[in-house]
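Protein sequences, first through last, are from chains A and B.
Take the first sequence: its position 183, counting from 1, is numbered 363 in my numbering, and each next residue is one higher.
Take the second sequence: its position 577, counting from 1, is numbered 1164 in my numbering, and each next residue is one higher.
Some hints here could point you the wrong way.
As the list claims (entries may be wrong) - To spell it out: a stretch of chain A is covered by chain B in this simulated footprint if at least three of its residues, at any positions, have a beta carbon under 8 Å from a beta carbon of chain B; those stretches are:
| id | stretch |
| --- | --- |
| 1 | 457-466 |
| 2 | 472-480 |
| 3 | 597-604 |
| 4 | 633-645 |
| 5 | 680-687 |
Just so you know, the hints here were simulated from the structure itself, not pulled from any lab data.
Glycine included, C-beta positions come from ideal geometry on N, C-alpha and C.
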Amino acid sequence: MKFYKIKNTFLLAALAMGAQLVGACKKELNVNTQGRFTTDTYYKTPADAFAALVSVYDRFGFQTGGLYDKLSIMDVAGDDQLAGGGSATDINDLQVTQTYTLSSTSGPEGYLWSRGYSGIYRANVLLSKIDGCGLDAATKARYIAEVKAMRGAFYFDLVTFFKAIPLITGILPIDSLYNVTQVAPADVYAYVEKDLNDAIPVLPHTVNITTEGGRLTQGGAKAILGKVLLYEKKWQAAADMLHDVNGDNPGVTPSMYGYSLLPNYGDLWLSKNKFNSESVVEFVHSSLSNGSWSDAGASEGNLVCITTGPRGYSQLKTAAPDYFSGYSFLVFTKDFAENVMYGDPRYTATVANLDSLKTAGAASYTAGYNNTGYFLGKFIGRVSDKAANTPELNFGQDEYEIRLADTYLMEAEALMNAGADVSAGSRAYQLFNAVRARVGLAPIAVTQDNLEKERRLEFAGEGLRWPDLVRWGKAATVLASRGFVAGKNEIFPIPQSELNNTKLEQTKEWGGTK
Amino acid sequence: MKRKFLLRIRVLLFFTLLFFTAHAQNRTVTGVVLSKVSGQPLVGATVSAKGTRTAVSTDNQGKFQISVPSTAKMLVISYVGMASQEVGIPASGTVTISLDQTASSKMDEVVVVGYGTQRKSVVTGAISSVRASDLENQPVIRVEQALQGRTSGLTISAVSGQPGSSSTVRLRGFTSFGNGKNDPLWVIDGVIVDAGGIGYLNDDDIESIEVLKDGASAAIYGTRAAAGVILITTKKGKAGALRINYNGYYGTQAPSKKLSLMNAEQYATTRNNANAAVGSAPVFTDPSSLGKGTDWQKDIFNYHAPKTNHELSISGGNDKATWFTSFGYTDFQGVVATSISRYKRLNYRINTNFKPAKWISFGENLGYEHGKTNGVGDVNREFGGVISSAINLDPVTPAIITDTAAQKIFMPQTAAQIAAATRTPGGQYYGISPYVGQEMKNPLAYIQNHLGNFNWDNNIVGNAYVDLTPIKGLVIHSSLGTKMAFYGYESFTPVAFYNTSTTINQSNLTRNETWVINWNVENTISYNRVFNRHNITLLGGWGEYKDGNARGATVSYNNIPAKTFDQASFIYSALPADRQNSSGSDGTDHRINSLFSRLQYNYDEKYLLTALIRRDGSSRFGTNNKFGYFPSVSVGWVPTLESFFPQTNVVNNLKIRASYGVTGNDGIGDFAFVPTVGANGERNYSFGTSGAVNIGYSPNAPANPNLKWEQTSQLDFGFDAVLLKALTFTVDVYKKKTTGILQTPQIPSYAGYGSFAQNFDDIENKGIEFELGYRKKLGELTLGVNGNISFYQNKVTKMLPGTTYFEDNSATFQTMGNITRTAINEPYQRFFGYQSLGIFQTQADIDNYVGPDKTTKLQPTAKPGDLKIANLQNDNNIDANDRTYLGNPNPTMSYGITINLSYKNFDFVAFGSGSGGNQIFQGLRRLDINTANYLTKYLDAWTPTNTGASLPRIALADPGKSYSRFTSLYLESGNYFKLRTLQLGYNLPKSMLTKWGCQRLRVYVLSENLFTVTKYSGYDPEIGVSPDAGGGAQFGIDKGLYVPARTFLVGLSLGF
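Extracted from the complex, chain A is given alone in its bound form (with noise of 0.2 Å):
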């Protein structure tokens, strides 16, 4: 029997491990969350509540791995500039928009949708979570005011977009996610107004443009917030909220945030000259953050600057540019460069003429589709400004939300527009001709088609044409030929995405009931 003994010892001791194991099991389940942070245990310290802010300053200067941002959606669609690219669907979103084919399936809007939205997410997150971060008052109150700032700057963007929207003002439970419902425009603006208005007095005048040159200050809330009442034909309120911003003696002296405009035109658009005195809200790029193909959206380089570029170009001569070569979109039409452009002191930094560089011998390149030999200057990268990786995802060159030429001429619009005095002389007339003079362009009266005109040339290629028609009014005749449709193509019909299996309904205008 001693057999027998052997053997249960073995039998017992087989068992007593096995359950020794069973009773283990459970703690073995639980897995180290190695290198995740849950919300839970994030938003703890100053540093957590900073890339929280990051995250949302990130929306703010979106661009989307289709390769495009907002500034290329607006260029297409306007008078001035064709998609071009390689084909008649390269940059699909961005074809249809120019041919006015868009349809809630197809376009931008998608883009333009989930950029605010996430945007507004990601402040309300940084809201909610804020007193946890142990921040001193003052950064708290800064972070809470920038925020606040971007948030309204989303909603502006999205119900100028889309017209009737949700408006969402804090985190969306899970259960209530599909009972959301849209809000009247109205309701939008007067959230947009209060965000912001929370925001100016908070926000620091200055920044100090090496460490925080991209963040918000009260003066570029202020142009933001004089934007919006522009928009909604608050001619008065939106030209005192501006005034600030342009100061007392436009084109003579600084405004009291330091702004005044670049002598030289030309240098807005040296990739080196960030945050320069003109600059009042600007989207920020790096050519540091080694943006790959794998999510050419999650660079933070500029996109336009390799879309813009010519395709196959060379350097023959070292009179021509040193131009990257690129992807040959936002080209302006014949007609804009040779009758609109051509003669005035900023053609040249806003036209590359590619054909004429070719006709000297100084260089070459390769005609996308929808050629015209005019490219957009403004944002074509160059080789010497070329990152070490990836270089075509990595330009530097960061893009002006607003710039004082912008709030100098939306201040004389908004002063002409309330019955203020335009004449020689008058605050109208010298915002006006500031911008004029700063070209060497002798004063014209201000009228509200000389602002027209001055608006199209200033900003060609700058994403402002577009939103400028329609809130003029414009957009229909002008647009007629490339398939706009009044009471239609005003806005951007709701991603389809959003309507399906939601309480989202499609605007009047694009066949719907909002």
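Put chain B on the given structure of chain A with help from the hints.
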């Protein structure tokens, strides 16, 4: 749970003590087992004493010696492919048994059922088996291909014809959503191997494959088993003389099909016509001068791609130890772009078992594999793979520039471009198409630039185990299994100018190395007892599993001074730091632990019952739902054993089965139950002038703490019958329902947050399966036929609140966007697009096609020759809302048939399989490249003089949207039948062999994929789920498949 487990242990201990005393005296029986047909001894036949677990194998003279209890009355002798036989034990203790081959043999096979084996005659679940003999000499190297067409219930489609590539396997339709969650669980000798990792296994090492199809059989694997379980047992050594087997073949492969594309003249004419259709000037002044032009397919196809395989196994042993060891070598070269398409594999296996005493045995099953793959890159993807380029590139551009006239047109123009252009080893330039650009590259230039790039992998998969049998009937089994994988790739891309939009500005050398060690520990106790015709087996077990912890590092150097892979090296480490990149990756541990117990019971093999329960815990769920319980029960009845059953020769054996089982799935990724905050991707921003990037953090998605197991319950009814002594017949019907499918559905963006994991949708599958076997001897001719056919239907029965359809995992096609959609109460993933009403013949047709307001023209921009699109919404425009369901990409029927003939020393096998019930999306042409080449079927496009055409007019940029909308124009029937194998073998006569000391020598010739019956116009109708093809989970999307090979080979099998 601990208490329950201890209780179970007490019960087991009780039984243990109870039966200790049952041990009795033994006696020895000897004998020989012969084949009734040939009279030859049967080597490796199993001899056991009935009602005991004592069993031995016959040696190489067919002899055996077995020690049986004095109470034993009968011996049971079984041999694969032959009818088992029971003989009484004579007083002399010596017997001679002759076994006959019969169709009923299948009923007496032993099948692996998960944590044990069971005789097929008492199995109550729906389990299909494939034996080594079915797979021998098949020139497949992956087990999925080996299974294709062999059993009912499985739909298997190759993903690509690239050597070594995997296949999509679906068992009984769709169990869940997405790709991974529909892959069955692979268990090799008890070690769980993820679906992607199965490629390491050498097909020749497989002894048997069992497919656990019904829920009750699979439930023993609980949460891993919802999509079915495939158990693989590798070959083991047998006691007896040393056995050496060699099997090898060599053959040549050719592409099984070439597309009929337009030649240069046809292409130029078509393009001129397309321009004329929109009033543009012609592109080519004299198309007829262009002749045939370049045949890109011919340039990349290889009609003599070699395929080699060698396998050597050595096995043997005695009653204390057995061993099986094998070496395999495989070298398959691709039929497309052969110099960058190749798969080489080395295998080594050692399976040993030691049995130093009667109560203990231990050993290991261990496989090692080294693989090296050269891949062509993008396959089944329209963005620039060699195949897609060959289809889309114009035939006017020369492949290689040989004359100066061509240089002006087909060469880059600037100095920088010329410097970067790719040249042949002889210094000539590869032609660059001035017409077809974007991602389309001269495939020869691409091949030249990718020579040498490879992926590699080393896998060690196996387990070490110990079995203790302290008392009769009780087995304590403990196993430690692992899958260790080490893999990576090395690639070099030189500076290259393919065309103005595809230019590589700097060279790049990248090395990636990744390792992963998965392991599992399993301990089981089983107890078997027979008394008064009651046969009970109890099993209790515990297991713990870990996987998912892959760790990798990638280093890449940019801009190194090298032109080819061979020149490239990391020795260039003196490069400036900004040319050096590195990145790492960390997987997350995925852990599961399990408790399970099972009761198998039969009364006189007539009334059968299996019941089991498994509890699994997963690291992927929060405390609310960490554990899931998965019960199952199955019953069977063998009426032919009843005394009242009429003894006729019609029904020789019948078993009726019913089963119900619940299985689960935790396939949702890690940490979906907690609200993680992430830093990856689009969250960063730069402040200030330094360009330094600040890292942003924001939540990934909200928490769903109630996340839980998705559950699949399955009801199965079936029967197995032997009819007329020659026919085996199995039928199963099932209904499978998965509830609470885990998913991260698309949610409205206005929420601002990312999609979060939810349990919501339900899917239901119903199906019927038939397996038929026939075996008959007609004199010296033996005929065997095996066939199977399965049908299933599925529908999604529940969706998120308010949802009537979803487009998650939908396939996409270029500018069309999503082309599949899933609707409530309809099958998972159907094609969704516009309905065509034929071709407008006249302008009047267009003018008369108006909306309900009777004035608005629905297709105002259309011209005669354009497609008329149905206005399904009956409003005044044609838009996305007018789309409807056009077809099903997923096969709903699959079948296979094998015919075996043997006559004297000759044997012949024909094996074919097919599937159907689906459509294929034929998306070979790039829509956004107006200038891309066409299939010749487009020569029959509509023109004013060819009004009876089946295809709409071809006009530059397709202004009438005839081709740019997704209509049924793109869909073709997916039905096919393939003759996969045709084989003729000859066994050299024994008399000749004995001279050489050889047991067996067989030579054979074999053809693989000889023909395919199909109406499909692309390369091949067999198209598995290809993530490259856009979307996640559907079959049948063709964007330029890697053409499968047709093979002819000769082989030799040798046995000592």
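Going down the list of hints, with the structure as the test:
no. : hint    : verdict
1   : 457-466 : holds (count 3)
2   : 472-480 : holds (count 4)
3   : 597-604 : violated (count 0)
4   : 633-645 : violated (count 0)
5   : 680-687 : holds (count 4)
When each numbered hint is compared with the structure, violations occur for hints 3, 4.
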